[in-house]
Amino acid sequence: GESVGLHLPTLSVQEGDNSIINCAYSNSASDYFIWYKQESGKGPQFIIDIRSNMDKRQGQRVTVLLNKTVKHLSLQIAATQPGDSAVYFCAENWGAQKLVFGQGTRLTINP
Amino acid sequence: KAGVTQTPRYLIKTRGQQVTLSCSPISGHRSVSWYQQTPGQGLQFLFEYFSETQRNKGNFPGRFSGRQFSNSRSEMNVSTLELGDSALYLCASSSNTIEAFFGQGTRLTVV
Chain A
197 GESVGLHLPT
207 LSVQEGDNSI
217 INCAYSNSAS
227 DYFIWYKQES
237 GKGPQFIIDI
247 RSNMDKRQGQ
257 RVTVLLNKTV
267 KHLSLQIAAT
277 QPGDSAVYFC
287 AENWGAQKLV
297 FGQGTRLTIN
307 P
Chain B
727 KAGVTQTPRY
737 LIKTRGQQVT
747 LSCSPISGHR
757 SVSWYQQTPG
767 QGLQFLFEYF
777 SETQRNKGNF
787 PGRFSGRQFS
797 NSRSEMNVST
807 LELGDSALYL
817 CASSSNTIEA
827 FFGQGTRLTV
837 V
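Quick note, the sequences are listed as chains A and B, same order. The numbering used here applies: residue 197 is where the first sequence begins, and numbers increase by one. The numbering used here applies: residue 727 is where the second sequence begins, and numbers increase by one.
Among the hints, a few may not be true.
[What the hints assert, rightly or not] The list that follows gives simulated cross-link-like pairs (lysine-lysine, DSSO-like), each with its CA atoms no further than 30 Å apart:
hint, chain 1, residue 1, chain 2, residue 2
1, A, Lys-264, B, Lys-783
2, B, Lys-783, A, Lys-238
3, A, Lys-264, A, Lys-294
4, B, Lys-783, A, Lys-294
5, A, Lys-238, A, Lys-252
6, A, Lys-238, A, Lys-267
7, A, Lys-267, B, Lys-783
8, B, Lys-739, A, Lys-264
9, B, Lys-739, A, Lys-238
Simulated from the structure, these hints should not be mistaken for lab results.
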């Protein structure tokens, strides 16, 4: 069925460390994948996307890796800051702006 | 540039009633998508409109409906409300590119 799953519901890291959030997806036909960040009381905020013909894309302090062989997506956040505390969702595109979201990983930053 | 605006922010309704939620997309964006977010099911796609036409629909009962106006503003309606319809309803607008911008959502509570 439609599902994009997350490996861990919560992740706790030390401030300054790197964070890696993982995601498994189901639709081999998805042409792009997106990571969103959702802070308490707000809607999801776009972080970075990656097209299916790529295996890596870098942004500011973030890197997304795509492994189509095992249908796996990851988000790496470098030098994690307190402002990175949020729930992170991966999403895959099922066509015409239809996004299928994973369950989310809550990232907590320890001082 | 103003972001996506959803009204109202909070709503309490009684079982059996109906409700209409409103979404004003970012100026120039012609695609509007709706999502339901609950702790149990996560973010689930409801439907997407582009230029007043529904292009895609999720797996929700017919009690959930929507429409889009010529100015791209969109409304969604839920009839015969059930307790399980309590959720955060999110609207996202897009210029038909990968990045979708979400509003802060409407928190619907059905009692």
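Cross-check of the supplied hints:
1. Lys-264/A / Lys-783/B: holds (26 Å)
2. Lys-783/B / Lys-238/A: holds (24 Å)
3. Lys-264/A / Lys-294/A: OK: Lys-264/A and Lys-294/A at ~20 Å, within 30 Å.
4. Lys-783/B / Lys-294/A: holds (8 Å)
5. Lys-238/A / Lys-252/A: The given pair, whose Cα atoms are some 28 Å apart, holds under the 30 Å limit.
6. Lys-238/A / Lys-267/A: It holds: about 29 Å lies between the C-alpha atoms, which stays within 30 Å.
7. Lys-267/A / Lys-783/B: Holds, at roughly 24 Å.
8. Lys-739/B / Lys-264/A: violated (44 Å)
9. Lys-739/B / Lys-238/A: Holds - the C-alpha atoms of Lys-238/A and Lys-739/B are around 22 Å apart, at most 30 Å.
In summary, the one numbered hint that this structure violates is 8.
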